[in-house]
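Participant: Input sequences plus hints: build the corresponding full structure.
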Amino acid sequence: MSDIALEMIEVSKKFKRGEIFDSLRDLIPALTGQLIKRLTSDQLERQEFWALKDISFTVKKGEAFGIIGHNGAGKSTILKLLSGILRPTKGKIIVSGKISALIEVGAGFHPDLTGRENIFLNGAILGMKKEEIRKKLDEIVEFAQLNDFIDTPVKRYSSGMYARLGFAVAAYVDPDVLVVDEVLSVGDFVFQKKSIERMRRIMQGGTTVIFVSHNIKAVTELCQNALLLDHGKGVKIGETREVTRCYLETAAGDRAGQDKKDVYVAKVSVKNAYESCLDFDSGEKAWVEVDIKANRDAKNIAISINLKDEGLYTLFDISTERLGHKPINLAAGESWRFCFQVSLYLASGIFYLGVKLYPFDERALRGMIPYDVIFTAATIQIHSNLEIHGVINPCPILVENEKVYE
Amino acid sequence: MREALKRLIEYRELLYMITYRDITIKYKQTVLGFLWAILMPIIIIGAGLLVKYAFSRASGKPFLLSEVATLAVKAIPWAFVVSSLRFASISLVSNSNLVTKIYFPREIFPVASLLSQLFDFAAAACLLTLILIVAQIGVSIHLIWVPVLLAVLVCFCLGLGLFVSAACLFFRDVKYIVEVVLTFAIFFTPVFYEASLFGEFGKYLLLNPVAPILESLNDCIVMQKMPDLVWLSYSGAISLALAGLGLKFFQKLEPKFAECI
Numbered sequence: 000m001s002d003i004a005l006e007m008i009e010v011s012k013k014f015k016r017g018e019i020f021d022s023l024r025d026l027i028p029a030l031t032g033q034l035i036k037r038l039t040s041d042q043l044e045r046q047e048f049w050a051l052k053d054i055s056f057t058v059k060k061g062e063a064f065g066i067i068g069h070n071g072a073g074k075s076t077i078l079k080l081l082s083g084i085l086r087p088t089k090g091k092i093i094v095s096g097k098i099s100a101l102i103e104v105g106a107g108f109h110p111d112l113t114g115r116e117n118i119f120l121n122g123a124i125l126g127m128k129k130e131e132i133r134k135k136l137d138e139i140v141e142f143a144q145l146n147d148f149i150d151t152p153v154k155r156y157s158s159g160m161y162a163r164l165g166f167a168v169a170a171y172v173d174p175d176v177l178v179v180d181e182v183l184s185v186g187d188f189v190f191q192k193k194s195i196e197r198m199r200r201i202m203q204g205g206t207t208v209i210f211v212s213h214n215i216k217a218v219t220e221l222c223q224n225a226l227l228l229d230h231g232k233g234v235k236i237g238e239t240r241e242v243t244r245c246y247l248e249t250a251a252g253d254r255a256g257q258d259k260k261d262v263y264v265a266k267v268s269v270k271n272a273y274e275s276c277l278d279f280d281s282g283e284k285a286w287v288e289v290d291i292k293a294n295r296d297a298k299n300i301a302i303s304i305n306l307k308d309e310g311l312y313t314l315f316d317i318s319t320e321r322l323g324h325k326p327i328n329l330a331a332g333e334s335w336r337f338c339f340q341v342s343l344y345l346a347s348g349i350f351y352l353g354v355k356l357y358p359f360d361e362r363a364l365r366g367m368i369p370y371d372v373i374f375t376a377a378t379i380q381i382h383s384n385l386e387i388h389g390v391i392n393p394c395p396i397l398v399e400n401e402k403v404y405e
Numbered sequence: 000m001r002e003a004l005k006r007l008i009e010y011r012e013l014l015y016m017i018t019y020r021d022i023t024i025k026y027k028q029t030v031l032g033f034l035w036a037i038l039m040p041i042i043i044i045g046a047g048l049l050v051k052y053a054f055s056r057a058s059g060k061p062f063l064l065s066e067v068a069t070l071a072v073k074a075i076p077w078a079f080v081v082s083s084l085r086f087a088s089i090s091l092v093s094n095s096n097l098v099t100k101i102y103f104p105r106e107i108f109p110v111a112s113l114l115s116q117l118f119d120f121a122a123a124a125c126l127l128t129l130i131l132i133v134a135q136i137g138v139s140i141h142l143i144w145v146p147v148l149l150a151v152l153v154c155f156c157l158g159l160g161l162f163v164s165a166a167c168l169f170f171r172d173v174k175y176i177v178e179v180v181l182t183f184a185i186f187f188t189p190v191f192y193e194a195s196l197f198g199e200f201g202k203y204l205l206l207n208p209v210a211p212i213l214e215s216l217n218d219c220i221v222m223q224k225m226p227d228l229v230w231l232s233y234s235g236a237i238s239l240a241l242a243g244l245g246l247k248f249f250q251k252l253e254p255k256f257a258e259c260i
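As they're listed, the protein sequences go chains E and G.
With the first letter of the first sequence counted as 1, position 285 gets the number 284 in numbering that gives the first Met the number 0; the numbers rise by one all the way through.
With the first letter of the second sequence counted as 1, position 239 gets the number 238 in numbering that gives the first Met the number 0; the numbers rise by one all the way through.
Keep in mind the hints are simulated off the structure, nothing from the lab.
Some clues are possibly wrong.
[As the list claims (entries may be wrong)] Chain E regions said to be covered by chain G (calculated; three or more residues, Cβ under 8 Å): (1) 53-63; (2) 69-83; (3) 111-120.
[What the hints assert, rightly or not] Quick list of in silico lysine-lysine cross-link-like pairs, DSSO-like style, CA-CA up to 30 Å: (4) Lys216(E) / Lys270(E); (5) Lys27(G) / Lys128(E); (6) Lys13(E) / Lys247(G); (7) Lys27(G) / Lys89(E).
[Unchecked claim] Just so you have them, the derived chain E footprint on chain G, three or more residues with Cβ under 8 Å: (8) 13-20; (9) 24-32.
Please read all numbers here as calculations on a predicted model, not as lab measurements.
For glycine and all other residues, C-beta sits at the position ideal for the given N, C-alpha and C.
Facilitator: Following this line, the structure appears as structure tokens:
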């Protein structure tokens, strides 16, 4: 019992859809209307939905636990339940120790107060004692890079300054359990790096961390175990790498409603030398299979694949045309499979694969609409032991190491 | 009840910070600054003087300076009642970003708004002391009743404040109802007049729990006599019951706050 920081036992949460009556003026007519019409319980039930259904997990003390899932999967609901803002409809939550939630940075800021006053206010809101805040004040200001503006009301701050200050205060709270929601995406690259470093430091200090994010890379780096949510249900729970792979597999887009197009991409699959795979080591070879299908006769088609990094910057884009393949012609109902081989000399991280079908002579037909575009066709994860800053891995080696005499 | 007090003590630093915030932001970027605290009492006293003057003209009784003291003694606590209820009603709604984002005992909001009004009350009490000195009202043993009376008054405001803050969270128009009631409540409360003016009918006016408190304050400060203990214990009982029920009501609804705000 003692080494468990947090436990959720079959927790469910129900919400009501639609508008809640928020004034007596609306409520009283609505109630009388209901009395007359006798709304059946069936209709009432339709207005309710389960934001979370039977979620159970345990987090050990000092562990970092990730929660991932698509929009609307119920991540934020879990956090609000954990921090006590919402109460579960069913089930039980056990938390040992002080819990502090970074659900939104700077939520407690008041625009008219100065940065310094807001640090004290927000610190108190997050559960710090005044003495404690006073001791950490300089560090917080330093961390937020706001030395010159600390006595300016925060309403005069830029949104970046505001967010940095919010994160800085939160980063210096010392709870037993820290709940973090998407707040690591604050500030510029340098500040983000500093934030992640700070999170690491907090974890090394023995704080249990619950980490919710779309940033798969950060989750993989920080957390040992993770939970994958989908529409309020726990899909997978376990080791982070396993769970993120499961997440990436479900990330591929839905390919319904393709009948209207002349020619379309029926399927995209990524394989390693043996099987379907979305998880590669840096430098490994991958095969991208693109199945295309024609509803009507189609002539002069080319296929391109592209890879983008997390910032959606295109790392490469190559096509059948530029690889020297002749124009593709398909008869109605015909299917073809094309396979591209690529070597993934990439740094560790998440990359998005896109596929496009377009008229063969791209330059001559500039402005013509492509037949079909899929992005994201697949999301792949690269693992590397080498800590490279950036997105590519050109396999650098240190070849010389000697003292130079003039 | 005891649990709630324990929680408030546990979170006293936060309570202090929120109160401090409520007080500072009220005086930041304002023309009047701290004069705000005494503006409303001064207006009420002014209005009261006008009414009293009309009374004395109509009845032919002389207009006495000690009437100013009576007016001030009643107007300043009344201003506190009005503003504390007004601010309590919006205390949760205006902090909706905190209610939905971070957990701590929600009682802190109405309690902090009450405390910040107490700060204004204290400032106005300084003005009252000045008026009492000018009006040459002396000191008497009956002043020991004042802390008791103030405690009853605070209890009343706290209880009602807890009610309206929670009600306002669910139904936004409660705020307007509170406004309207507060605007006209002064006519049903013996601020500009004494309940005794109405003779037999006067005791029905004292059913308003604030009325005996104001009358008692006038009795022990200006009239220098014992307050009417029967009516005072009536007010005390109502105020305590309100505080207890208000807290219960508040805590019962608290789990739904974040969803319904």
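Participant: Taking the hints in turn, state whether each one holds.
Facilitator: Hint check:
no.: 1; hint: 53-63; result: violated (count 0)
no.: 2; hint: 69-83; result: holds (count 3)
no.: 3; hint: 111-120; result: holds (count 5)
no.: 4; hint: Lys216(E) / Lys270(E); result: 21 Å, holds
no.: 5; hint: Lys27(G) / Lys128(E); result: 25 Å, holds
no.: 6; hint: Lys13(E) / Lys247(G); result: 25 Å, holds
no.: 7; hint: Lys27(G) / Lys89(E); result: 46 Å, violated
no.: 8; hint: 13-20; result: holds (count 6)
no.: 9; hint: 24-32; result: holds (count 3)
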